[in-house]
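Asker: Chains as they are written, first to last, in my numbering: chain A, 1 to 127; chain B, 1 to 485.
Please note: incorrect hints may appear among the correct ones.
Unchecked claim - Under the rule of at most 27 Å between Cα atoms (straight-line distance), these lysine-lysine pairs were calculated in the DSS-like manner:
id : chain 1 : residue 1 : chain 2 : residue 2
1  : A       : 111       : A       : 121
2  : B       : 354       : B       : 386
3  : B       : 158       : B       : 177
4  : A       : 111       : B       : 391
5  : A       : 111       : B       : 321
6  : B       : 391       : B       : 178
7  : B       : 321       : B       : 158
8  : A       : 2         : B       : 40
9  : B       : 136       : B       : 125
10 : A       : 5         : B       : 40
11 : B       : 354       : A       : 5
12 : B       : 177       : B       : 134
13 : B       : 177       : B       : 391
14 : B       : 144       : B       : 90
As the list claims (entries may be wrong) - According to the in silico footprint, chain B covers these stretches of chain A (three or more CB under 8 Å from chain B):
id : region
15 : 2–9
16 : 12–20
Since the hints were derived computationally from the structure, they do not count as laboratory data. Quantities reported herein were computed from a predicted structural model and do not represent experimental measurements. C-beta atoms are modelled at their ideal positions from N, C-alpha and C, and glycine is treated no differently.
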Amino acid sequence: MKHLKAINSKAGRVERFVSPPAAVPVPQAADGEADVVALQGGGPPQQPGGGAHIPIGCSLVFSPGWEADRTGGTAGLCQPVERDLFDCHIGCFWPAHVPDMLNHAPDWTGKCAAAQKDWRKIDIVFP
Amino acid sequence: MSLLEAGHYHRFEAAGRPYLYLVNSAAVFGIDEAADAVLKALNGRQRSRDELLDDLAVVYDRGELDDTITELARVRAITEPLQARPAKPKKVFPLTPFPVTTTVINVTNQCNLGCTYCYEYGDDKIVDTKTNGKPKFMTEETAKDSVDFALREAGSNKMAHITFFGGETLLNFRVLKKTIPYARSRAAEVGKDVDFSLTTNATLLTPEIIEFLAENQVGVTISMDGPKELQNKFRVFHNGQGSYDVVAPKVKALLARHRSRPIGARVTLTSGVLDVTRIYRHLTDEIGFHEVGFAPVTSKDARSWAIDGNGMDQVLAEFVKLGHEWLEAAVENRHHGFSNVRETLQEIHQGMSKAYPCGAGLGLVGVSTDGQVALCHRFAGSDDHKIGDVKGGIDRGAQRDFLESHHIDEKPDCNSCFARPMCSGGCYHEAHTRYGDTTHANLHFCGWVRGWTDACLRIYGELAERNPAFLTQFDSPDAAGERVS
Chain A
1 MKHLKAINSK
11 AGRVERFVSP
21 PAAVPVPQAA
31 DGEADVVALQ
41 GGGPPQQPGG
51 GAHIPIGCSL
61 VFSPGWEADR
71 TGGTAGLCQP
81 VERDLFDCHI
91 GCFWPAHVPD
101 MLNHAPDWTG
111 KCAAAQKDWR
121 KIDIVFP
Chain B
1 MSLLEAGHYH
11 RFEAAGRPYL
21 YLVNSAAVFG
31 IDEAADAVLK
41 ALNGRQRSRD
51 ELLDDLAVVY
61 DRGELDDTIT
71 ELARVRAITE
81 PLQARPAKPK
91 KVFPLTPFPV
101 TTTVINVTNQ
111 CNLGCTYCYE
121 YGDDKIVDTK
131 TNGKPKFMTE
141 ETAKDSVDFA
151 LREAGSNKMA
161 HITFFGGETL
171 LNFRVLKKTI
181 PYARSRAAEV
191 GKDVDFSLTT
201 NATLLTPEII
211 EFLAENQVGV
221 TISMDGPKEL
231 QNKFRVFHNG
241 QGSYDVVAPK
251 VKALLARHRS
261 RPIGARVTLT
271 SGVLDVTRIY
281 RHLTDEIGFH
291 EVGFAPVTSK
301 DARSWAIDGN
311 GMDQVLAEFV
321 KLGHEWLEAA
331 VENRHHGFSN
341 VRETLQEIHQ
351 GMSKAYPCGA
361 GLGLVGVSTD
371 GQVALCHRFA
381 GSDDHKIGDV
391 KGGIDRGAQR
401 DFLESHHIDE
411 KPDCNSCFAR
421 PMCSGGCYHE
431 AHTRYGDTTH
441 ANLHFCGWVR
451 GWTDACLRIY
461 GELAERNPAF
471 LTQFDSPDAA
481 GERVS
């Protein structure tokens, strides 16, 4: 939309719901069953040529460090990589990389109110 | 020719730009000048698309205007009244059995303070604890039954939150101390996690209790009203003596030792206690609280502590002032402990639209000293608001009746209000005190709620413009904890 800009999360969902779908052919598996596509969640295809999206740099496959998908952006990476550092404690092996904030390093993020800006201020913690 | 009319929205400005809060979807959109002009042209009257285009094409490009109208219609900021509208959707009820996420256990109905305004003992009390025959203190056995209830009714949820409440919670520390290890071992047996919090007036804190709370990571909310003369106005012992000198050093000791959970203050605003900024400064800068939440006292109009219209205007003005202080902190990614604004912003960000004002009777229940389960802690012990007991579980029929009669669709007064998605009629207990009816919308708060919602929308718009990255912390649906007051 050109004249309206979605600001909150709900507006984003409304916009995705009411916008005319992009004319992109949905890839079908040979046996007629739809392919399982994760991390795409609608929207324009992140990789030209269609096909299932394969995130590279997923921490389940490689060590963290892959910080761009094959288009050069971060949108295709898995959630822990996209959000980095914070909020990756769930469903992923990354908790092991996050200091124990409850008992041993309560002030680990004390100087970091918003990870997107202040992550350089986070101290190194050796367990 | 089909006509267009304005949909249900609230327009506000932030950072010098216009925004829309769409009431039916709770979506927030920034709009450009052309969209703003279209909405203004439709203010209070219906017009055809061609009329609109003819009028506004003097200023804006006709093709752009056409696109603008289409976009506004798509998100239902404008609608076509003559078009057959879909029938009003049926009331949507939560799926049942809805899991209980928070069980508030009232371990005692006794208190060592005699705060005149208290909803539990004051003139507006629902349950007379002297005459209703309920035990003064919960037994260890009932507390254990309450834990079993919380774990059972959590259903498929991995986590059960248990909150201890009173009366003065720490009067029954003996039982609390045994209940927590029991809950941990029972939770481990059934493969769940459990966490704990409590609310206290802080008068009974001792080094041993502080140690226990810190070690067990018990979240603590302190009921405290501010500097000495404000705290002592209503928060007094039964002999009338003020509690500040007893409370302040104990709270400082707690804050010094207990670092495993953030500790918040919960302030009750009353007729003489309205200086929100001064209270906030005292509780954060001088006492050291991490965050401070404020709530106007629940009372009938005639009470000496009730806040009149002028008082509520003052509270709103102070809230807005502190809200802007919070905004400036957020723009610079600094912490600011004014929790009221934080909670509202979270709801705006996610676009919450509530069928019920809170989780009472649904995800949150209150248990009285004899194990009766009520809508919330404020109704604990009231036979009229009972929805089960800890042994038998939730009475699903009673719960269903409650959900039917308290749905936002049953509050026609709220139909035309833009703050409806967030307020949903307001606190059941407040309504019961004011109108003697929990299903009643809290009409005495409407102006205030709309003023505060508008202020928070402006703060939200401003933040979205100046530091959008700050808002991503609100993306997680469970970013806000359950607060009991």
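Asker: None of the hints should be skipped; say for each whether it holds.
Answerer: Comparing the hints with the structure gives:
1. A:111 to A:121: 6 Å, holds
2. B:354 to B:386: Cα-Cα ~23 Å, so holds.
3. B:158 to B:177: 23 Å, holds
4. A:111 to B:391: 47 Å, violated
5. A:111 to B:321: 25 Å, holds
6. B:391 to B:178: Since the Cα atoms of residue 391 of chain B and residue 178 of chain B sit roughly 19 Å apart, the hinted pair holds (cutoff 27 Å).
7. B:321 to B:158: Between residue 321 of chain B and residue 158 of chain B the Cα gap is close to 40 Å, so the pair fails against 27 Å, i.e. violated.
8. A:2 to B:40: Distance ~19 Å between residue 2 of chain A and residue 40 of chain B Cα, so the pair holds.
9. B:136 to B:125: Holds, because 16 Å separates the two Cα atoms, which is no more than 27 Å.
10. A:5 to B:40: 18 Å, holds
11. B:354 to A:5: 24 Å, holds
12. B:177 to B:134: 22 Å, holds
13. B:177 to B:391: 22 Å, holds
14. B:144 to B:90: Not OK: residue 144 of chain B and residue 90 of chain B at ~40 Å, beyond 27 Å, violated.
15. 2–9: Coverage by chain B holds for the region 2–9 of chain A (8 residues, Cβ < 8 Å).
16. 12–20: Satisfied; 5 residues make the cut.
Checked against the numbered hints above, the structure breaks hints 4, 7, 14 and satisfies the rest.
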